[in-house]
Every structure is written in structure tokens, then in C-alpha cells.
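Visitor: Here's the letter readout for the chains.
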Amino acid sequence: MTRFLIRRIGQAILVLFAASIAVFLLFFVGPGPDQVARTFAGRLGTPQRILEIKHALHLDQPLYLQYLHWVGNLLQGNLGFDYYKGQSVNTVVGQALPATVSLVVGAAILWIAYGVFSGVVSAVRSRSLLDRGFTTAALFFYSMPTFVLGYTLIFIFAYELYRVTKFFPFSSYVPITTNPWQWFVHLILPWLTLAMVTAAAYTRLTRTSMLDVLGEDYIRTARSKGMPEQRVIRVHALRSALTPVVTLAGLDIGTALGGVIITEQVFGIPGLGWTIVQAIGQQDLPIIMGIAVLAATFVVIANVIVDILYAVLDPRVRLN
Amino acid sequence: MTDPTNPLVMTDSVSLASRLLLQVSDLRVQFATDDGVVKAVDGVSFSLERGRTLGIVGESGSGKSVTSMAIMGLHSGKNTTITGQIRLDGEDLVSASRERVRALRGAKMAMIFQDPLTSLHPYYSVGHQIMEAYRVHNKVTKQVARKRAVDMLGRVGIPNPAVRVDDYPHQFSGGMRQRAMIAMALSCDPGLLIADEPTTALDVTVQAQILDLIVDLQDEFGSAVIIITHDLGVVAEISDQILVMYAGRAVEGGPATGVFGQPGHPYAWGLLGSMPRLDIDRVDRLKPIPGTPPSLINVPSGCPFHPRCGYRDEVGGDRCATEVPLLREIAPAHVAACHLTSDQQRSTWARLSEPVSDLPETKAGSLLASSDPANEVQS
Ligand SMILES: Nc1ncnc2c1ncn2[C@@H]1O[C@H](COP(=O)(O)OP(=O)(O)O)[C@@H](O)[C@H]1O
Ligand code: SF4
Ligand SMILES: [Mg+2]
Numbered sequence: 197m198t199r200f201l202i203r204r205i206g207q208a209i210l211v212l213f214a215a216s217i218a219v220f221l222l223f224f225v226g227p228g229p230d231q232v233a234r235t236f237a238g239r240l241g242t243p244q245r246i247l248e249i250k251h252a253l254h255l256d257q258p259l260y261l262q263y264l265h266w267v268g269n270l271l272q273g274n275l276g277f278d279y280y281k282g283q284s285v286n287t288v289v290g291q292a293l294p295a296t297v298s299l300v301v302g303a304a305i306l307w308i309a310y311g312v313f314s315g316v317v318s319a320v321r322s323r324s325l326l327d328r329g330f331t332t333a334a335l336f337f338y339s340m341p342t343f344v345l346g347y348t349l350i351f352i353f354a355y356e357l358y359r360v361t362k363f364f365p366f367s368s369y370v371p372i373t374t375n376p377w378q379w380f381v382h383l384i385l386p387w388l389t390l391a392m393v394t395a396a397a398y399t400r401l402t403r404t405s406m407l408d409v410l411g412e413d414y415i416r417t418a419r420s421k422g423m424p425e426q427r428v429i430r431v432h433a434l435r436s437a438l439t440p441v442v443t444l445a446g447l448d449i450g451t452a453l454g455g456v457i458i459t460e461q462v463f464g465i466p467g468l469g470w471t472i473v474q475a476i477g478q479q480d481l482p483i484i485m486g487i488a489v490l491a492a493t494f495v496v497i498a499n500v501i502v503d504i505l506y507a508v509l510d511p512r513v514r515l516n
Numbered sequence: 230m231t232d233p234t235n236p237l238v239m240t241d242s243v244s245l246a247s248r249l250l251l252q253v254s255d256l257r258v259q260f261a262t263d264d265g266v267v268k269a270v271d272g273v274s275f276s277l278e279r280g281r282t283l284g285i286v287g288e289s290g291s292g293k294s295v296t297s298m299a300i301m302g303l304h305s306g307k308n309t310t311i312t313g314q315i316r317l318d319g320e321d322l323v324s325a326s327r328e329r330v331r332a333l334r335g336a337k338m339a340m341i342f343q344d345p346l347t348s349l350h351p352y353y354s355v356g357h358q359i360m361e362a363y364r365v366h367n368k369v370t371k372q373v374a375r376k377r378a379v380d381m382l383g384r385v386g387i388p389n390p391a392v393r394v395d396d397y398p399h400q401f402s403g404g405m406r407q408r409a410m411i412a413m414a415l416s417c418d419p420g421l422l423i424a425d426e427p428t429t430a431l432d433v434t435v436q437a438q439i440l441d442l443i444v445d446l447q448d449e450f451g452s453a454v455i456i457i458t459h460d461l462g463v464v465a466e467i468s469d470q471i472l473v474m475y476a477g478r479a480v481e482g483g484p485a486t487g488v489f490g491q492p493g494h495p496y497a498w499g500l501l502g503s504m505p506r507l508d509i510d511r512v513d514r515l516k517p518i519p520g521t522p523p524s525l526i527n528v529p530s531g532c533p534f535h536p537r538c539g540y541r542d543e544v545g546g547d548r549c550a551t552e553v554p555l556l557r558e559i560a561p562a563h564v565a566a567c568h569l570t571s572d573q574q575r576s577t578w579a580r581l582s583e584p585v586s587d588l589p590e591t592k593a594g595s596l597l598a599s600s601d602p603a604n605e606v607q608s
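The listed protein sequences correspond, in order, to chains A and B. With our numbering, you'll find the first sequence wraps up at 516, consecutive numbering, no jumps. With our numbering, you'll find the second sequence wraps up at 608, consecutive numbering, no jumps.
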């Protein structure tokens, strides 16, 4: 188990290293030092300022020193300085992250709960009306673009229902620290949007996985012991069937934490996705790089967590 | 006297009737599939006394597993139709509620399967799985169940059971896994143990050990055993009764000595011919069965074995292809479903089994003396 984890964490570090090289090559080496400094300085960059930046980023030194300087800062948790906004990237990201986390965690609870529930029901009542219903719903939401669903929900709940209730806001975000209830109310539609488009994959995966597991010999054994069917499904079958779902959930959450671009755009949530879109529009390179590095880190960490969960779930992984 | 609807059930004595543990009458199991109705079991009857052993033999696909799963009530699909009677201790399981059959499963009847690795849940410890089996039917604390699990593991010959109880299936060897399965099956002391090819997936070296264990525990627990296997040597050695299945039907049945010593059905001759034996002469004449088992969706007309049978001409006409042979008593309590007359059956078998040398005629015992687990019927 320990060796397994050490190996996986080692691999994760390698992946992060490779990602950092890629980002470095893409943003520093590709354009060349002058261009980088000019871009960092933004539209208002004077020659004087560009020189300063060149020096601050060690752009006047050999490539490997530039890289070490940059990575050294990253390792200390310093994502760099945004000359355009005159703020550290950490501050900008720190303001955006809670919104994205709020959106992703709430939506993930919904899509996992619904996806697993509907998948299990579909598998256990395979070919029933309920199964067909869940399958149709899954296909419908799976094929629906996020922004269409998002605007549709806004149209129905915020616009059409406006005369009945002003409960649903059109958009924007309220931090949980400002007003927890408003935070919740503002996130209902974004949560639903993100959860519905994501849940389809979970319904299908859980259904397939559950059907596979229900055909396993050890399920027949559990039944042959006289275990009640409910227990066979909830304890013996579900535990195995969830293994692939855990993987998918880990990767989806890891990816989404790096920013949920469309949902954040549609609902005006100033999270990482929204911020990076703004930054791209403004050619705000430090922010783009900072969020890219952060997103890659989330994905890698999610992978490690998935591996740990695997080991917790499956003794064959844990004890080898 | 035998029951005319069920020639394998002896009804002449009250005491015998009370000794009967399992009585299967005209069992039919059908699966509706896209290709048609699979008649996996088609009118099978047999019975089993307490503490006795019934061997079910037949090529792969002849309905042996489907029969045993029907007894256990493990066919749950909506496309499955089961008719007939399965009486366990006098109680009919076919008409019983699902919940009632579930309560009996594991408690009064238990089953072990072919592949002990896939039959155990990889995520739960062996002990946990045995405790679970025990606690489904006994309202006891975890500590009590755990003691039971350790005790059972010890009785099936797992060394150091108090420690190994916490091991996971993948930490056990193949033979130990099957031992653990047996421990689990017997944990509630069921009157009936069904072993469906319990040694087929195991190393040749441990097959005999597992069989010995089943026989020993059968004595100890007094359970009746249904053993399903390709290995005729095994069945001959440990069974009291034999049922030969072909295409979902019972084609021959009776006491093991009778079925192996004086088999009446050409299919049984073929099965015996598939066994390599010490006396080479007979191998020349007793050939393995040519061809493959029929589809159970379109079972051949008349005798289901007729497309593969070499004795049709002796019956004459096209009777074998048109008229279904019924089970007929060819010796006391020994039945076979074949149009050949008893005289024809006897003389043919005598010719087939007659040793060329001057050795006295082979009896069931010596015929099947070899219990080499490699003696498998082709499947
Ligand atoms: N659930 C099912 N649906 C359709 N056909 C089945 C099902 N279970 C078994 N069968 C068919 O029934 C026949 C008998 O199978 P089985 O009892 O497993 O044979 P065996 O004698 O080798 O144990 C086979 O042809 C098999 O394909
Ligand atoms: S009834 Fe005919 S076909 Fe069937 S086993 Fe007997 S001789 Fe062969
Ligand atoms: Mg079978």
C-alpha cells in the first residue's frame, strides 16, 4: 500500500514537472524574453517598465535560471504578479477560487447522488419504464449544450416565474461569508445546470457497472447465502460497482475545480473559469498562466486522491 | 414399487418417505430469449435421502447448473419460467414465496460453485463473508459469528484459522478458497449441500483433497449432497445415486452401482467411453460421443440423443427420431429413457464392456476404479 502510494505520488510529481515545462515553453520560451516582458507589462507598459519586468522575471538570464526562478516561486505558492491589475496573481485567484469551489462541490453532490441513484435503479430494474425514463433523460441532458440548459433555466425560473416569485436571481454570485442564504439561492440554478449536464455520464456508467457486477459469481454467492436482495444490491454490488464511478468523479471534480467556464459565464459567477476568460480577453498573461498551473495541479491531486480511494475500496490494491 | 410419474422416487415405505429430504418432480425451467425459448430443464424428476449423495452427470450445457440453481431459487430473471415441484423437507419451493425461499437458502440448503475465486467477494475478508452467511440466519453478535467463522475455517482445514479469518480471498490459494466456500456453505448446518463442479477450476493436486473434505464433512454434518461434475470417476466413488442428464432431461438414473455397472442408455455408454481407463481393450469399443450437444431451443424430435446415437438401427424404423422414449425401469430402481429393449441394452453393454483378456467381468467398482481427476467427460 505504502509503496503503491509512493509510486503514484512520484508519478504525480513527474506529471506536474512535465506540465510546468510545457507551460514554461509555451509562455516564456515561445514568444521570447522581450515579447514576454512586453505582454506582462500590458497595454500601458513603458520601455522602463518592460525593463523592470524583464529583470524581475529573470528574463535577462539563461533559460534554465528563468525556469528555476519561476518554478521556485510556484513551489512556494507564489503564482506570480499581475502587472496589468497591479495585484499578485494569488490575490486574484484567491478571490475567484471560493466561487468555483462552491459551484463545483454543490453540483458534484447533486450529480453523483442523482447519477448513482438513477444508475442503480436502471440496472436493478433494467428495461423497465423507469430505466427507459432515466436513459432518455440522460441522453437528453448529455446532448444539451450547457449554455442552452443554463439560459433555459434562467428563462423559466428567473424570468417566467418573476411575477410569481422573485426567489430565483437572474445571475451573479454572493460569497458564503457575506450571506449564506443568498449564497445558496444564487447557486441553485448553476448547480442544477452543471449537475444535469454532468450526471448523464454517471447514470450510464453506474448502470453499466452495476449490471456487470450483478452478473458476477460473488453476487450469486451472496444470494445463495440467503442475503436479502436489498442488502445484496446495497452492500455487495454497489461497493464494486462504484469503483469506476469514483474514478470518474475524482477526475471530473479535479477538472472542474480549475474553472467551469461556460456555467460561470452564463450565471456571471466570478470563479476561475470566468476569470481566465476575462484574462484571455485582456491578454493578461500572468493570470492565464497562474490558473493553468493551478488547474493542472488540481487534476493531478485528484488523480492521487482517486488512487488512495481505490486502495481503500479494494484490498487487492491495498495489500499488494 | 416406484411412483409411475417419478420412477426415481421410491414410495413403498413410510420410513423411506420420511427419510426423503429432496423430491424434484417434473421440473421444467425455460428461458425466453430473443432466439426462442430455451428449455434448459425439461421434465426432470429425482429424489434424495437425508445424508446421501446424488451425482448429476452430463456434458456441458445439459442443464445441470440450471437444475441446481432452480432448487436454490436463484433464477430470478423475468424471462424465466419454472414449473413442477421441488420439495425440500416436504415444502414445495416452486410455489413458495421468494422471501420464504430466501430464508431457506443458506439455512437449509447451500451451494458451492465452480470457481472459488470469482465466487468470493474480492472486497470483503473471508471471515466477514462467512460471518455474514451465519448472521443472515442466526441472530447473534459479531463476536459469536466470528467464533463460528474461525471454527468453520478450522474444520475445513485452513491452518491458523484465527489469523486467516481476516485474510481476503486473493490471499488464499485456490484450494483454500474452495475450502472457505465450503465453510461458508456449511456454517448454518444445511441439510442439503449442492456442489456444482466444485473441483473443475482447481489444480489437479488439490481436487482430491476437496472431494475428501466434502465427504468427511458430509459424515460430520449429516448433510445430503448433490455433486455435479464432469469427472465420472469422482461421482462413481462418492455417490449413492446417479442422474444422467442430456438436453435438459434425465436420460438415466438409479443407484451408482447400477448406472456404472450396467448402464442402459447409449449416452451413458458414451460418457463412460470418454473416461480413459486402465484396460485399454474397452477403450477401442467404447468411443467418446461424436458431435456436440443440441441446442436447447430446438431440441431434436423423438429421442433428443438420436442425431448422435449409433444404435438407432437396432431400434428399427425411425422410431428414435419420432417417438420420445420415456424413462423405463431396466433394473430395480434403475431407469433409462431409450427405445432399445432391456435385452438389447444388456447384451450391447456386455459386448462393449467385455474385457478381451480372461479377467472376470468388470463390475462397477473396478470399472471406475480410477478416480484420476483428469478423467473428465469432454465438454
Ligand atoms: N439465464 C439463462 N438464459 C438463457 N439460457 C440459459 C440461462 N442459463 C442457462 N441457460 C442455458 O441453459 C442450458 C443449460 O445450462 P447449464 O445448466 O448451465 O448447463 P450445465 O449442464 O453445463 O451446467 C445452456 O444451453 C445455457 O446456455
Ligand atoms: S432411443 Fe434410440 S436414439 Fe435414443 S438413445 Fe436409444 S437407441 Fe439411441
Ligand atoms: Mg454447469
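Don't read these hints as lab results, they were simulated from the structure. There may be inaccurate statements among the hints.
[What the hints assert, rightly or not] Some, not all, of what chain B presents toward chain A, calculated at C-beta under 7 Å:
(1) Met301
(2) Leu303
(3) His304
(4) Arg334
(5) Ser348
(6) Leu349
(7) Pro351
(8) Ala362
(9) Phe401
(10) Ser402
(11) Phe450
(12) Arg548
(13) Ala550
(14) Thr551
Cβ coordinates follow ideal geometry from the N, Cα and C atoms, glycine included.
Visitor: Each of the hints needs a verdict: does it hold here or not?
Guide: Do the hints match the structure? See the list:
no.: 1; hint: Met301; in the structure: 6 Å, holds
no.: 2; hint: Leu303; in the structure: 6 Å, holds
no.: 3; hint: His304; in the structure: 11 Å, violated
no.: 4; hint: Arg334; in the structure: 4 Å, holds
no.: 5; hint: Ser348; in the structure: 5 Å, holds
no.: 6; hint: Leu349; in the structure: 6 Å, holds
no.: 7; hint: Pro351; in the structure: 6 Å, holds
no.: 8; hint: Ala362; in the structure: 4 Å, holds
no.: 9; hint: Phe401; in the structure: 12 Å, violated
no.: 10; hint: Ser402; in the structure: 15 Å, violated
no.: 11; hint: Phe450; in the structure: 17 Å, violated
no.: 12; hint: Arg548; in the structure: 42 Å, violated
no.: 13; hint: Ala550; in the structure: 38 Å, violated
no.: 14; hint: Thr551; in the structure: 40 Å, violated
Against the hints set out earlier in the document, violations occur for numbers 3, 9, 10, 11, 12, 13, 14.
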